[in-house]
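Let's have the full structure, built from the sequences with the hints guiding it.
Read top to bottom, the protein sequences are chains Z and G.
Note that the numbering used here gives residue 61 to position 61 of the first sequence, counting from 1, and the numbers run on in steps of one.
Note that the numbering used here gives residue 245 to position 86 of the second sequence, counting from 1, and the numbers run on in steps of one.
Hints are not guaranteed to be accurate.
[Said to hold, decoys possible] Straight-line distance between alpha carbons at most 25 Å, and here's what the computed PhoX-like set of lysine-lysine pairs gives: (1) G/K284 / Z/K151; (2) Z/K157 / G/K284; (3) G/K284 / G/K266; (4) Z/K116 / G/K266; (5) Z/K116 / G/K271.
[Claimed, not checked] Sample of chain G residues with no beta-carbon within 10 Å of chain Z, all distances over it, derived: (6) N194; (7) T195; (8) T203; (9) S240; (10) Q245; (11) Q252; (12) G273; (13) L279; (14) G294; (15) H304; (16) G305; (17) V312.
Please keep in mind that the hints were generated in silico from the structure rather than gathered at the bench.
Here a beta-carbon is modelled for each residue, glycine too, at the ideal position from N, C-alpha and C.
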Amino acid sequence: MRLLVNTTVLAFCIGTVCIFGAVAVGAESVPASSIPTADLLQPASFAATLQSNSGPQPLVLQVGFRKLFDEAHIVAAEYAGPSDDSAGLAVLRERVAKLPKDSPIVIYCGCCPWGKCPNIGTAFSALRALGFRNVKALYIAHDFGTEWIEKGYPVTKGG
Amino acid sequence: MPRLPRLLGMAALCACLSMRILAAEAAAEPAGRLNTIAPDFTRTDLLGRPLRLDQFRGRIVLLNFWATWCGPCIEEIPVFSRWQRQYGDAGLQVIGISMDDDEAAVKRFLAKHGVPYPILMGDAKLGESFGGVFGLPQSFLIDAHGTIVFRSVGEPNIEALRSQIKGLIGIH
Numbered sequence: 001m002r003l004l005v006n007t008t009v010l011a012f013c014i015g016t017v018c019i020f021g022a023v024a025v026g027a028e029s030v031p032a033s034s035i036p037t038a039d040l041l042q043p044a045s046f047a048a049t050l051q052s053n054s055g056p057q058p059l060v061l062q063v064g065f066r067k068l069f070d071e072a073h074i075v076a077a078e079y080a081g082p083s084d085d086s087a088g089l090a091v092l093r094e095r096v097a098k099l100p101k102d103s104p105i106v107i108y109c110g111c112c113p114w115g116k117c118p119n120i121g122t123a124f125s126a127l128r129a130l131g132f133r134n135v136k137a138l139y140i141a142h143d144f145g146t147e148w149i150e151k152g153y154p155v156t157k158g159g
Numbered sequence: 160m161p162r163l164p165r166l167l168g169m170a171a172l173c174a175c176l177s178m179r180i181l182a183a184e185a186a187a188e189p190a191g192r193l194n195t196i197a198p199d200f201t202r203t204d205l206l207g208r209p210l211r212l213d214q215f216r217g218r219i220v221l222l223n224f225w226a227t228w229c230g231p232c233i234e235e236i237p238v239f240s241r242w243q244r245q246y247g248d249a250g251l252q253v254i255g256i257s258m259d260d261d262e263a264a265v266k267r268f269l270a271k272h273g274v275p276y277p278i279l280m281g282d283a284k285l286g287e288s289f290g291g292v293f294g295l296p297q298s299f300l301i302d303a304h305g306t307i308v309f310r311s312v313g314e315p316n317i318e319a320l321r322s323q324i325k326g327l328i329g330i331h
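Below is the structure:
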């Protein structure tokens, strides 16, 4: 009986370490669909927020790929990716390390159609795991060009 | 003296408006340079061969921006490989431009999946010259005169693309 209990406890511990370890090193990709709808921002409303100039603006982080960021990114966005690998996740963690846990943060990628994005779900999950409660993900259904640039929302060119 | 705060306020307002206008202008890029001559470029492909886009004048070029991390891109590659084999003699030339940040990842991918057309590394400058590659996959169809005649962004309509290619190379 004791052997059974010990084995169960051991299996639970190993499982827990594996799950958290995988997220910690970026080995496990988290799908975009795992982000709750309530934590999604629509591009039109976020563009309006950025253009309103009223109140404090959130920290905007692009959690995708460098070359796409270097072409154009949301005004005031910082590069913090890609979240599909451990090095990119480390950049994201370092950027938010000293922030209060209630800091408003908006993350976005837009490299690929939402359901196929390798970064956004993992970045959201990592920030939540770090205790950030006010994280929103910009819902880019198609890609950054179609949903943001071609709509005429504000961008900065260059890296 | 009460004029001074008002003047400062107006100056601040003008500055804000100017910044907004600049941002809007920066955003108003034409989508993909359709119906214009494709910008020429010279690069070396991942097998070390020099490649210049204009060397393919007279052929139909399918220029495909892709990356190893892009699921829909990976799904396209076997189709494009098949088309290169099937329509290459009729005048089709597929060229792959990887937007990966990591060249080694692309080389590993190519070692695993044989791709019968040249692959080269792209960058922000090359993307911008085609009107901006802000999401993947993205493909441009360039006719024999060097004009961009078709652009596909995101998950492609393969049949529409195939139909365009067959029309351009004269296969029905």
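Here's how the hints hold up against the structure:
At roughly 22 Å between alpha-carbon atoms, G/K284 and Z/K151 fall within 25 Å of each other, so this suggested pair holds. The suggested pairing of Z/K157 with G/K284 holds, with an alpha-carbon distance near 11 Å, which does not exceed 25 Å. Between G/K284 and G/K266 the CA atoms are separated by roughly 22 Å; this keeps the pair inside 25 Å, and the hint holds. For a cut-off of 25 Å, the pair hint linking Z/K116 to G/K266 stands: about 22 Å separates their Cα positions.
With a CA separation close to 22 Å, the supplied pair Z/K116 and G/K271 stays within the 25 Å bound. At the 10 Å boundary, the C-beta of G/N194 stays outside the reach of chain Z, the nearest C-beta of that chain being 17 Å off. Taking the minimum C-beta to C-beta distance to chain Z, about 17 Å, the non-interface status of G/T195 holds against the 10 Å cut. Under the 10 Å C-beta cut-off, the non-interface status given to G/T203 relative to chain Z holds; the minimum distance is some 18 Å.
Look at G/S240: its CB is around 20 Å from the nearest CB on chain Z, clear of 10 Å, so calling it non-interface holds up. Listed as a non-interface residue, G/Q245 keeps its Cβ farther than 10 Å from every Cβ of chain Z; the least gap is roughly 27 Å. The claim that G/Q252 is not at the interface with chain Z holds, since no C-beta of that chain comes within 10 Å of its own (minimum 24 Å). Chain Z leaves G/G273 outside its interface by the beta-carbon criterion, the shortest separation being 24 Å against a cut-off of 10 Å.
Remark: the non-interface label on G/L279 is consistent with the geometry, its nearest Cβ contact in chain Z lying 13 Å away (cut-off 10 Å). Once the 10 Å rule is applied to beta carbons, G/G294 is inconsistent with being away from chain Z; the minimum gap is 2 Å. Distance check on G/H304: its Cβ is at least 26 Å (rounded) from any Cβ of chain Z, clearing the 10 Å threshold; non-interface status holds. Listed as outside the interface, G/G305 is consistent with that label: its C-beta sits roughly 23 Å from the nearest C-beta of chain Z, beyond the 10 Å cut-off.
Not every C-beta of chain Z lies more than 10 Å from that of G/V312, the closest at about 6 Å, which undercuts listing it as non-interface.
Violation of the numbered hints given earlier is confined to hints 14 and 17; the remaining hints are satisfied by the structure.
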